[in-house]
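Enquirer: For reference, the chains in residue letters:
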Amino acid sequence: MQEKFARAHILLAQYLKRDWKKIIIWVLGLGLFSAGFVPAFEEIGKGQGLQGMYETMQNPAMISMVGPTPVETGASYTLGAMYAHEMLLFCGLFAMIIAALHVVSHTRKEEDLGLTELVRSFQVGRQANSLAVIAEVVMINILLALVIGGVMTSYGVDTISAEGSFLFGASIGMAGILGAVIALVMAQLMPTSTGATGSALGIVGLLYIFRAGTDVSNVDFSMLNPMGWTYLTYPFTDNNWVPLMMAVGFSLIAVIIAFMLEGGRDMGAGYLPEREGRESAKKSLLSVPGLFTRLNKSVMIGWLIAFVIMGAAYGSIYGDMQTFLESNELMSQMFTISGASIEESFTGTIMMVMIGLVSILPIAIVNKLFSEETRRHLSQLYATKVTRAQLYWTSVIMAIVAGIMGILLASSALGGTAISAMGDRSSMNMWDFLVAGYNFLPSVLFFTGLAALALGWAPRLGKAVYAYLGYSFALNYFGGILDLPEWFAKTAIQSWIPRMPVDPFDTITFITISVISVALMVMGHMGYGKRDMVEGA
Amino acid sequence: MTNIVEVQGLQKSFGKFKALHDVSFTVNAGEVVGFIGPNGAGKSTTIRTLLGIIHRDAGDAKIFGKDVWKDSLEIHKRISYVPGDVALWGSLTGGEIIDLFMKLHGSGDSNKRDYLIKRFELDPKKKAKGYSKGNRQKVGLIAALSVDSDLYIFDEPTSGLDPLMEAVFQDEVEKIKLAGKAILLSSHILSEVERLADKVVIIRQGKVVETGTLDELRHLTRSKVTMVTEGNVALMASVNGVHDFKHSGNQATFSADNECINDILAEAAKLGVRKFESVPPTLEDLFMRHYEV
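Here the protein sequences come in this chain order: A and B.
In terms of our numbering, the first sequence opens at residue 1 and continues consecutively.
In terms of our numbering, the second sequence opens at residue 538 and continues consecutively.
Calculated from the structure, these hints are not laboratory results.
Here the structure is a predicted model, which is why all the values come from computation and not from measurement.
Please note that the accuracy of each hint is not assured.
Listed below are the simulated BS3-like cross-link pairs for lysine-lysine, each with C-alpha atoms no more than 27 Å apart in a straight line [unchecked claim]:
no.	chain 1	residue 1	chain 2	residue 2
1	B	Lys-666	A	Lys-109
2	A	Lys-46	A	Lys-109
3	B	Lys-662	A	Lys-297
4	A	Lys-297	B	Lys-640
Chain B is faced by these chain A residues, among others (derived, beta-carbon under 7 Å) [what the hints assert, rightly or not]:
no.	residue
5	Gly-114
6	Leu-115
7	Glu-163
8	Arg-278
9	Ser-280
10	Arg-375
11	Arg-376
12	Ser-379
13	Tyr-382
14	Thr-384
15	Lys-385
Where is the CB? At the ideal position from N, CA and C, for every residue including glycine.
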């Protein structure tokens, strides 16, 4: 036993030394994200905000996303109760994912890279590495729990007690440990690091989906779900520490199983066979568009699903819109326009926000071509009869198509859930939502055009397009509150476009921005055809 | 013989750094040209210029008599290229990538592909992220050798391959050479160049410092001679064309100017030769001569 774990403490010290920057970002980033929104929630909670939020959050769609609350009346829905209800599950989910990625990167990944082989050649026990990694992750998550508890207590809010704060932190830390042990088990079973990462995240995803189902139908069943043991502690309300005990027990058993599995396998091998790929390519791959579709497939599917979820999430609040917005001065300032129904004015603003997010995908697709270039994936393609114009326009057109699909999915998901949430009271039909969404198409084209221009002339600036998108997004989102001067607001491209359905459609602006965007793409094409390809570096 | 590649006074700068000062050489049909030089000498930059991946600042570069930048597509229909560090898409399998490259090149032979996969012992069903450096290199080589081209450009093609696979590569290159194709082979592995190349171009700090057939280059340099005589071997030290003379007893070793070999032999004969060995310089000797300070 001793021998198996020999020198684990040296490896642990080594990991802490190697990872200290990552640990600081991890603990502070996730810690502040988890604990830092208290002032924002205080803002939301002003006036009738808590009551309104309580009504909104009773919606099954919301429960399936953020989990349940033990509170049974709007009156006892305190700031603390709301914070734990809306934040805990998501923060725990992040903690799980980060810890799982970290564990795989220090176990299976190091085996794949051949680092383990080197380490094992010294007087290091066969399982010392796994022990060191788990010890590291546990330490990080305890630190994380303390940081979250400390920060939240420091606000001195009545309903956010010290006990609740530290339970909130401990639940997130425990979620991280659960993610880590799941990953450690998968790292033994899977034959490659990507397989281990994929399956660990897949399990986390499945646990999340299962709990969505049981949370809505019967919360007791969620207590059978390891993920349930994190957010069902109900900090600030029930303050129940028991689920955490169950999580500790589960983690111990999982670690023991992982060690047994590791003891029984060869280094670099797994229990499940490696999945064989195709010996020859399918016809659909054998062209530039086919290749690019394949390369962008997972990013596209991921974002398109995110757009649907985003649309559905916003759509689900249409049912209680009145209570939700009127309860809060800040919210009503952001989302209401005088002289229009509250649902319509909300649609105009939220559409601008959503289509801003949709623009991320086309930018990513255009930027992908440059990252392919620097990674030298295209070296051998340049020497074929594939033209630069083909590479460029395939990327740009694929980006445009992805943007169009993104708008379709986001606005129809918003419309679909909104119409069903509003029931008979609905003053808008599906068509209104789609039109309001496609009204912002020129802004998506504009961001695509900027990315394309950068790709052609100064490809390293491709990332800066995200910065401009973020800037425009912030300006649009908070523009309503800040009362900005006209010219300043207009530095965001979306501000030029009227917000339908409240404002009427503006054909001239629509066409002008679209034409400018296409012109940017053509200019990018000229640069791309002329410049030196950047390889390596 | 027709010139397949013709490079004249090529220059290229990256910002302030002048990567190519003056590069000139030719490659003919049915000829393997070894392009040698240390890392950073400008081999890959020259090749990228030839492929139209980067612009040249000055000079002339033609393949099949066409400008490498303006007519690059016309040229690319008839060339194959393998970079020194083949980077592949991790999520595709080796087999898929080979098929893709063949398809995008346009004139692939799937029998040749299967034959080469077998010869190079590549597992085409594995995802590329699982390949070692050598296996990635094999993917690039198989893709390039499976298509029918008139010019093959290899940039350090065998880096990461084991000696058996290196031999397979050399074998395949000899076949395409016999088929009358032109080959530009940039390499560190001098024994490989020595075996394959008809002509050698040595590049140093962006300048071509030596061009010619191996025989021609050898002629310019010295052979290593070991001899044993009956008479006093020390007398050889003063013969014209003898350098670095060392002796112990009746045995002497020295380097000899190749053009003076006849005089040296005549002098040696007077002393009564018991043993005379002359070793021509290896490519490594030639190469090192340009880099010794």
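Enquirer: Decide, hint by hint, whether the structure agrees.
Expert: Hint check results:
Between Lys-666 (chain B) and Lys-109 (chain A), the direct Cα distance comes to roughly 12 Å. Compliance with the 27 Å bound is thereby established for this hinted pair. With a C-alpha separation of about 49 Å, the suggested pair Lys-46 (chain A) and Lys-109 (chain A) falls outside the 27 Å cut-off, and the hint is violated. Distance check on the hinted pair: Lys-662 (chain B) and Lys-297 (chain A) sit about 20 Å apart at the alpha-carbon level, within 27 Å; holds. Note on Lys-297 (chain A) and Lys-640 (chain B): the hinted pairing holds, with a Cα-Cα distance of about 21 Å set against a maximum of 27 Å.
Annotation: Gly-114 (chain A) was flagged as interfacial toward chain B, and the flag is violated, the nearest CB pair being 10 Å apart, outside 7 Å. Interface restraint check for Leu-115 (chain A): the shortest CB-CB distance to chain B comes to about 15 Å, outside 7 Å, so the restraint is violated. Annotation: Glu-163 (chain A) was flagged as interfacial toward chain B, and the flag is violated, the nearest CB pair being 47 Å apart, outside 7 Å. For Arg-278 (chain A), the interface hint holds, since its Cβ comes within 7 Å of a Cβ in chain B; the closest pair sits about 6 Å apart.
Annotation: Ser-280 (chain A) was flagged as interfacial toward chain B, and the flag holds, the nearest CB pair being 5 Å apart, inside 7 Å. The interface hint given for Arg-375 (chain A) holds, since its Cβ lies 6 Å from the closest Cβ of chain B, which is under the 7 Å cut-off. With its C-beta approaching chain B no nearer than about 4 Å, Arg-376 (chain A) sits inside the 7 Å limit, and its interface hint holds. Using the Cβ-Cβ criterion of 7 Å, the hint placing Ser-379 (chain A) at the interface with chain B is satisfied: the shortest such distance is roughly 4 Å.
With 7 Å as the threshold, the beta carbon of Tyr-382 (chain A) comes within range of chain B, its nearest partner Cβ sitting at about 5 Å, so the hint holds. With its C-beta approaching chain B no nearer than about 5 Å, Thr-384 (chain A) sits inside the 7 Å limit, and its interface hint holds. For Lys-385 (chain A), the suggested interface contact is upheld, since its CB lies about 5 Å from the closest CB of chain B, less than 7 Å.
The structure fails to meet hints 2, 5, 6 and 7 from the earlier list, while all remaining hints are met.
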